[in-house]
Amino acid sequence: MSIVYWMVPFSLLLGAVFVFAFVQSARSGQYDDLETPANRILIEESHDTGGTNER
Amino acid sequence: MSAAHFIAARTAASCIHCGTPTQGEEFCCSGCEAVYRVIGRLGLSEFYSRKAEGVCFKPAKPASSSAKQYASWDVWLLEQDVRRFTVFATGVHCSACLWLIERLPQVAPEIITDARLDLARSIIDIELAPDARASQVGALLDSLGYPSELIVDPGGGEEKLRRENRRQLVDLGIAGALAGNVMLLSIPMYAGLQGTNARLFEWLSGALAIPSFFYCGRSFFRSTGAFLRRGVFSVDVPIFIAMLVAFMLSAVSLIRGRPDLYFDSLTALIFLLLASRYLLARLRQEGLVQSNRLYAKTGAAPYLIGERFEPTLGSELDCDGILRSGSGWFSRSFLTGESAPTLLRAGDAVRAGFFFQGSGGSDRVEIEVTATGANTLIARMIEQIRCMDAQRSRLDHLYERWAKALLMAVTAVALATVGFFWTNGQAWSGIERALALLIVTCPCGFALGVPLLTTLLSRQAVSRGLVIRDVDFLEKIGTINHVCLDKTGTLTRGAPEWVSGRCPARLQPVLSAMAARSCHPFSRAIVAKLAPQTTIVLESFEEKPGIGLSAKFDSKIYALERHSGTAEALSFVVFLEDGREIALLGFQDALQSDARTTVTDLLDRGIGVSVLSGDNRSAVAEVGKSVGLSAECMRSRMLPEDKASAVRALQATGAKVLMVGDGVNDALAMKTADVSLAVYGGLETALKTASAYSTRPGCRSVIESLKLSDEMKRVLRGSFVFSALYNAVSCGFAVSGNMSPLLAAVLMPLSALTVFTYIAFSLRSKA
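Note that the protein sequences, when read in sequence, are chains A and B.
Following our numbering, the numbering of the first sequence begins with 1 at its first residue and continues without gaps.
Following our numbering, the numbering of the second sequence begins with 1001 at its first residue and continues without gaps.
Calculated directly from the structure, the hints in this document are not laboratory data.
Even for Gly, the Cβ is constructed at its ideal location relative to N, Cα and C.
Certain hints may be false.
Claimed, not checked - Distance ranges between label pairs, derived from CB positions:
#	chain 1	residue 1	chain 2	residue 2	range
1	A	PHE20	B	TYR1278	16 to 22 Å
2	B	GLU1025	A	PHE18	55 to 61 Å
3	A	ARG27	B	SER1049	35 to 41 Å
4	B	ARG1282	A	PRO9	33 to 39 Å
5	B	PHE1420	A	GLY29	52 to 58 Å
6	B	GLN1651	A	GLY29	42 to 48 Å
7	B	LEU1200	A	PHE20	23 to 29 Å
8	A	PHE20	B	MET1248	26 to 32 Å
9	B	GLY1465	A	PRO9	53 to 59 Å
Unchecked claim - Selected chain A positions facing chain B (Cβ under 8 Å, derived; list incomplete):
#	residue
10	VAL23
11	GLY29
12	TYR31
13	ASP32
14	ASN39
Put together the whole structure using the sequences plus the hints.
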């Protein structure tokens, strides 16, 4: 069971890394607008496949 | 794609631009047609294949946009010396709009170099091209059917809001991570782990609960502090007491080596609470963003007090004054809600916001300035409205009253338990049971359920044509017993329509060309009905306010003159060719098709109805008759302040008032009323003031919001019954001493989940 003494701190450390990444992305404003990018990605795509094509 | 393609592709007769059903015409109005042409000219016709079926907003007015209307943008940009600015665009709603707007830098690079749209908030971030003016951007957006408004944010309110938003999200993320880890560490204990490893896991979960409680849960400390200092009760207080008890009890158990640990329940509770708070805050902000917007109109005052000037035809006055000589026709819609101009004579007061429509006689019209800038009536009115926003009192929420009652009952039972066991000489056992009781019976079902319910109902309201800005709107509207309605624009369509008389087809282009040159409401009605044309050039044109229009074309004199006859609330205009009558055109500000049923439904519900209008007595009486209201319910000739005091008078008799309106003249009354609703097509001030606004024409939205409110009450009552049952059962377990940590850990989140499921399902079944 002594593996627990390694695994538990390691899992907590891993969790801390993800929390840190989340905090950074939230502070840089990646979650400010959740709706528009979802629509925007569709637009770029259909534009690239040929704007003059009649769908 | 060609225009012909779209016309061929249409199956039923509906407007190409907005999808409104029409009687065989391609467009429902000239506004839509104008927007369609602009989109085609910019080479953006692909817009129509992208947009969802029939959801495009109808432009509020025939797009007669000019850069002049947006001149205040230039002033502001120059003062600030910036090239990036944000605007709030009305009418953006789907990915086709997003495509259209973000395409603008490519099709109009001489004006805009970058545009980014925030679809959810209808805000466009714009970068201006080096030699362009901001007013050009305004005119461009307007011509595309998105009338926009510059966002001026001197206090940095928006930025503060954004930071607050991010902070809440960070807290939520941390609380979630901590809750998840504590949960994982607790599983071995429930599985029956004993010995040193169990002790390690217990201490670790305790350590993780510390930041969760003290950092993520700090807002609960704050609101409890406010309660202790100022007696402001909120639902946070009982929750905080439960959390504090859970934490202290668990900490004591941890140190004494007992198994009563509630760290997992505590951290999960904090996470769920923060999640629901975040949801509610996002919702509330949609309203806030809009009321933070300021008027960019307070640019430099061009006049000095006491100075005299001559107004230019068709211009909006930007100062208050007194008419010193001559007489003039002024449109006073912001004061009375009526767009038809009235004749003012020497000595009469004029206000900033009036439109000068022409001289009433041959004399020179001269105005002496009495107030400018922030001292004008309109500026003072807006300021007053803004102040009232700040001092609005807190609503005593229904669910908070229930939570209070629940807390008192639980406290009473807890005290009784301690008392009972104390007298039997088992004090410690009594205290333990009372603590378990406090922990499991917490009103968190409400604290979590109410925000969820509000969010879901707001979504539903949008699909029913209602945008809710004040989160408490549905709860407040459920308590009203009196409705005050504005007449023009609310009960009626707000603009006269050409309802009788036909113009021979050969003269329609002439009529249309004449009407297009005038801004009188009747002329606009003609323009809206006839196809716009550009082939005819009038040889001369003259508008005599109060009398009519005259023009020369093809060496004939044409005239449109007011006719003295009136019948059934129709006003007549006669169309003359060389003095010979061609057609008698009848105009009427028609009732909204649902005005009568709305009033009847309101009366059926036992809600009092009165109409507050700035229009004259006979017009108001006429409307009263046709919607079935008695004469004493109809109030005429009311100025904005009168409307507000009428609402106050009603409130003094104990009535809870809902104000429904559409104009600046209703804004003060809207703020005074307990709750307010702006109808479709309303002016921006009304939309900004109201607790909710309607996105569909007509006044049916009043009934819709009452129905939604009933819905909310029904679901709330259901979740209250459930919560009472849950609390009674868990109370039984706790008092009888059967509340093990495992049972508490299962029951607490389970109760919240059940409330969630109940709310989601009971709404879905009705939708």
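Against the structure, the hints come out as follows:
| no. | hint | verdict |
| --- | --- | --- |
| 1 | A:PHE20 / B:TYR1278: 16 to 22 Å | holds, 20 Å |
| 2 | B:GLU1025 / A:PHE18: 55 to 61 Å | holds, 59 Å |
| 3 | A:ARG27 / B:SER1049: 35 to 41 Å | holds, 40 Å |
| 4 | B:ARG1282 / A:PRO9: 33 to 39 Å | holds, 36 Å |
| 5 | B:PHE1420 / A:GLY29: 52 to 58 Å | holds, 57 Å |
| 6 | B:GLN1651 / A:GLY29: 42 to 48 Å | holds, 44 Å |
| 7 | B:LEU1200 / A:PHE20: 23 to 29 Å | holds, 24 Å |
| 8 | A:PHE20 / B:MET1248: 26 to 32 Å | holds, 30 Å |
| 9 | B:GLY1465 / A:PRO9: 53 to 59 Å | holds, 56 Å |
| 10 | VAL23 | holds, 5 Å |
| 11 | GLY29 | holds, 7 Å |
| 12 | TYR31 | holds, 6 Å |
| 13 | ASP32 | holds, 6 Å |
| 14 | ASN39 | holds, 4 Å |
The structure fails none of the hints (numbered hints given earlier).
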